[in-house]
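I would like the entire structure built from these sequences, with the hints used as guidance.
The numbering of the first sequence is the numbering used here, which starts it at 199 and goes up by one.
Just so you know, not all the hints are guaranteed correct.
[Said to hold, decoys possible] Cβ-Cβ distance ranges computed for the label pairs, FRET-style:
#1 Arg282 - Gly385: 18 to 28 Å
#2 His325 - Gly403: 30 to 40 Å
#3 Leu400 - Leu622: 24 to 34 Å
#4 Lys408 - Arg527: 51 to 61 Å
#5 Ile253 - Tyr274: 50 to 60 Å
#6 Arg354 - Gly385: 36 to 46 Å
#7 Pro496 - Ser623: 48 to 58 Å
#8 Asn224 - Ala497: 24 to 34 Å
#9 Leu622 - Tyr274: 22 to 32 Å
#10 Leu622 - Gly536: 46 to 56 Å
[As the list claims (entries may be wrong)] Below, in silico cross-link-like pairs of lysine to aspartate or glutamate (DMTMM-like), each with a Cα-Cα straight-line distance of 25 Å or less:
#11 Lys323 - Glu374
#12 Lys574 - Asp501
#13 Lys494 - Glu531
#14 Lys459 - Glu531
#15 Lys323 - Asp407
#16 Lys459 - Glu302
#17 Lys321 - Asp279
#18 Lys540 - Asp495
#19 Lys459 - Asp499
#20 Lys321 - Glu302
#21 Lys574 - Asp517
#22 Lys538 - Asp501
#23 Lys415 - Asp432
#24 Lys540 - Asp553
#25 Lys540 - Asp577
Source of the hints: derived by calculation from the structure; they are not laboratory data. Computed from a predicted structure; not experimentally measured. Built from N, CA and C at the ideal position, the CB exists for glycine as well.
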Amino acid sequence: MRRLALIDCNNFYVSCEQAFNPALRNRPVVVLSNNDGCVVSRSAEAKQAGIPMGIPYFQVRKQLASIDGAVLSSNYVLYADMSRRAMRLIAEQFPEQEIYSIDECFVDLSGLSADQALIQAFKLKQHLMQCLSLPVSVGIGSTKTLAKLAASLAKRPGATGVANFSNPMSPERLAEMRQQPVGEIWGIGRRTTQSLEAANVLTVGDLLDKPVSWIRKRYSITLLRTVEELRGQDQLGLQAAAAPRQQIIASRSFGHPVYAKSELGEALATFVARAAERLRADHSLASIMQIYYNAKDPAADGDPCADAIILNLPHATDDTRLLIRQALRGLDEIYQPGLKYKKAGVVLGGIRSADIRQPGLTGLYPEAIAPSPIMKLMDHVNQRYGRDTVRIASMGVDAKAGWHMSCSRRSRRYTTALEELPVLSTQGIS
DNA sequence: TCTGGGGTCCTAGGACCC
DNA sequence: TCTGGGGTCCTAGGACCC
Numbered sequence: 199m200r201r202l203a204l205i206d207c208n209n210f211y212v213s214c215e216q217a218f219n220p221a222l223r224n225r226p227v228v229v230l231s232n233n234d235g236c237v238v239s240r241s242a243e244a245k246q247a248g249i250p251m252g253i254p255y256f257q258v259r260k261q262l263a264s265i266d267g268a269v270l271s272s273n274y275v276l277y278a279d280m281s282r283r284a285m286r287l288i289a290e291q292f293p294e295q296e297i298y299s300i301d302e303c304f305v306d307l308s309g310l311s312a313d314q315a316l317i318q319a320f321k322l323k324q325h326l327m328q329c330l331s332l333p334v335s336v337g338i339g340s341t342k343t344l345a346k347l348a349a350s351l352a353k354r355p356g357a358t359g360v361a362n363f364s365n366p367m368s369p370e371r372l373a374e375m376r377q378q379p380v381g382e383i384w385g386i387g388r389r390t391t392q393s394l395e396a397a398n399v400l401t402v403g404d405l406l407d408k409p410v411s412w413i414r415k416r417y418s419i420t421l422l423r424t425v426e427e428l429r430g431q432d433q434l435g436l437q438a439a440a441a442p443r444q445q446i447i448a449s450r451s452f453g454h455p456v457y458a459k460s461e462l463g464e465a466l467a468t469f470v471a472r473a474a475e476r477l478r479a480d481h482s483l484a485s486i487m488q489i490y491y492n493a494k495d496p497a498a499d500g501d502p503c504a505d506a507i508i509l510n511l512p513h514a515t516d517d518t519r520l521l522i523r524q525a526l527r528g529l530d531e532i533y534q535p536g537l538k539y540k541k542a543g544v545v546l547g548g549i550r551s552a553d554i555r556q557p558g559l560t561g562l563y564p565e566a567i568a569p570s571p572i573m574k575l576m577d578h579v580n581q582r583y584g585r586d587t588v589r590i591a592s593m594g595v596d597a598k599a600g601w602h603m604s605c606s607r608r609s610r611r612y613t614t615a616l617e618e619l620p621v622l623s624t625q626g627i628s
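Shown next as structure tokens:
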């Protein structure tokens with residue numbers, strides 16, 4: 199019998215912060231998105247105070263201050279490292295693992311009985327708390343969709359943190375599953391929830407009672423697969439090995455508006471460098487690059503405007519230098535003086551394995567055949583001594599340039615930077 | 001007056017996820 | 001004044017091919 203578990207870190211970003219700073223425990227805490235824009239993670243106390251997920255910070259600043267809430271900028275370096283540690287601990291217990299996101303993974307429990315699975319889930323919870331101070335919820339199910347649904351139950355306030363929707367299910371458990379609102383189901387978002395509710399399909403049970411033909415006629419194959427999964431028929435499988443990405447995006451809203459082409463060029467070159475690092479880490483090449491911007495036009499009452507250009511590269515590449523050259527050429531074509539630039543980005547596409555390199559029919563680009571030793575060296579130095587220790591000159595040298603993000607409330611990189619390690623003294627951790 | 005059938009590839013847009 | 005970033009999959013429609 200197939201049995202899967204979803205392991206989900208509770209309030210992951212906030213929990214990472216609380217792990218290192220006890221003063222943040224048992225009180226309202228939120229972590230903000232890039233540029234301190236929106237609330238993206240909330241402690242239980244912040245949720246209880248009614249702070250919504252995704253709300254712009256400025257709309258809840260006063261409320262947070264009035265309840266003595268702590269507000270933090272995102273510290274992605276810390277979260278990524280904590281994630282890596284948690285995933286490794288989980289894989290030690292359950293080697294069949296699919297890492298689904300920074301704070302979630304699926305594991306295979308097929309060898310275990312339902313009771314054994316529950317016991318193992320509680321043990322794992324305890325283990326992660328002990329090793330990393332990370333609270334997790336575990337949902338068990340015979341498919342990923344059921345495991346997800348179980349996890350959403352498991353993490354409700356007052357719940358035990360573990361829930362099981364895998365067979366054999368008691369009649370009470372089944373009834374509870376069928377009572378869940380459709381909006382709780384993984385893969386059913388806001389729009390589909392609205393549409394289903396309009397058709398008087400309000401719960402999982404309502405949806406399961408609809409004939410396949412009704413679902414297929416009104417919705418896509420995607421929803422049909424979701425329903426099959428809820429019936430216990432596996433449609434999604436466990437993807438143990440991560441497939442290389444098909445698309446790599448690097449983009450940022452600017453800390454301050456940007457006007458000059460040179461500054462926009464520095465920002466774009468930096469985004470290209472980030473994307474190319476990820477490309478090489480995947481052992482991939484890109485053959486298409488898109489660059490784009492969002493801006494406001496002061497000449498038109500500050501109306502928002504945007505433009506983009508798709509660049510077909512002369513050959514598939516992972517070379518930051520070539521990619522930056524092409525990106526700046528693209529910028530020449532879409533840059534408009536006078537606009538107030540708010541955000542820019544780069545998308546790498548046409549991605550394929552770096553095992554096959556070919557220079558194109560013209561033979562004009564012999565360098566396309568072999569990976570660049572300079573890129574390899576650059577990655578190596580930057581991994582060892584820190585990001586951008588070696589960089590391309592067009593990325594600029596001023597780390598305070600206006601386009602860089604603002605993140606004034608970032609905590610320290612406790613686990614990845616020597617000079618920011620926590621210090622233990624008789625007064626506690628500082 | 002009569003106007004096929006089957007297929008691929010690409011793109012834009014929508015919906016969803018964390 | 002201030003509203004994130006990085007992804008996936010599906011669908012419909014157009015261009016093109018034989």
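* Keeping to a limit of 25 Å between CA atoms, is the pair of Lys321 and Asp279 held or broken? -> 23 Å, holds
* Asked: CA of Lys574 to CA of Asp517, is that 25 Å or under?
  -> 10 Å, holds
* Asked: Quick one, are Lys415 and Asp432 close enough, alpha carbons at most 25 Å?
  -> The hint holds at about 22 Å.
* **Distance restraint evaluation - Leu622, Tyr274, Cβ atoms, bounds 22 to 32 Å** => 25 Å, holds
* Going straight from one Cα to the other, do Lys540 and Asp495 come out at no more than 25 Å? -> Measuring from Cα to Cα gives roughly 11 Å; hence the hint holds.
* **Hinted pair Lys323 and Glu374, Cα distance within 25 Å** => Cα-Cα ~23 Å, so holds.
* Asked: For the pair supplied as a hint, Lys574 and Asp501, is the alpha-carbon distance within the 25 Å limit?
  -> Outside the cut-off at roughly 44 Å; violated.
* Asked: When you check the alpha-carbon spacing of Lys538 and Asp501, does it fall within 25 Å?
  -> 10 Å, holds
* For Asn224 and Ala497, compare the CB-CB distance with the range 24 to 34 Å and indicate the outcome. => Violated: the Cβ-Cβ distance is about 52 Å, outside 24 to 34 Å.
* Asked: For the pair supplied as a hint, Lys540 and Asp577, is the alpha-carbon distance within the 25 Å limit?
  -> 29 Å, violated
* CB of Arg354 to CB of Gly385, is that within 36 to 46 Å? -> This hint is violated: roughly 20 Å between Cβ atoms.
* Asked: Cβ-Cβ distance between Pro496 and Ser623: within 48 to 58 Å?
  -> 53 Å, holds
Going down the numbered hints, you'll see the structure goes against 3, 5, 6, 8, 12, 15, 16, 24, 25, while the others check out.
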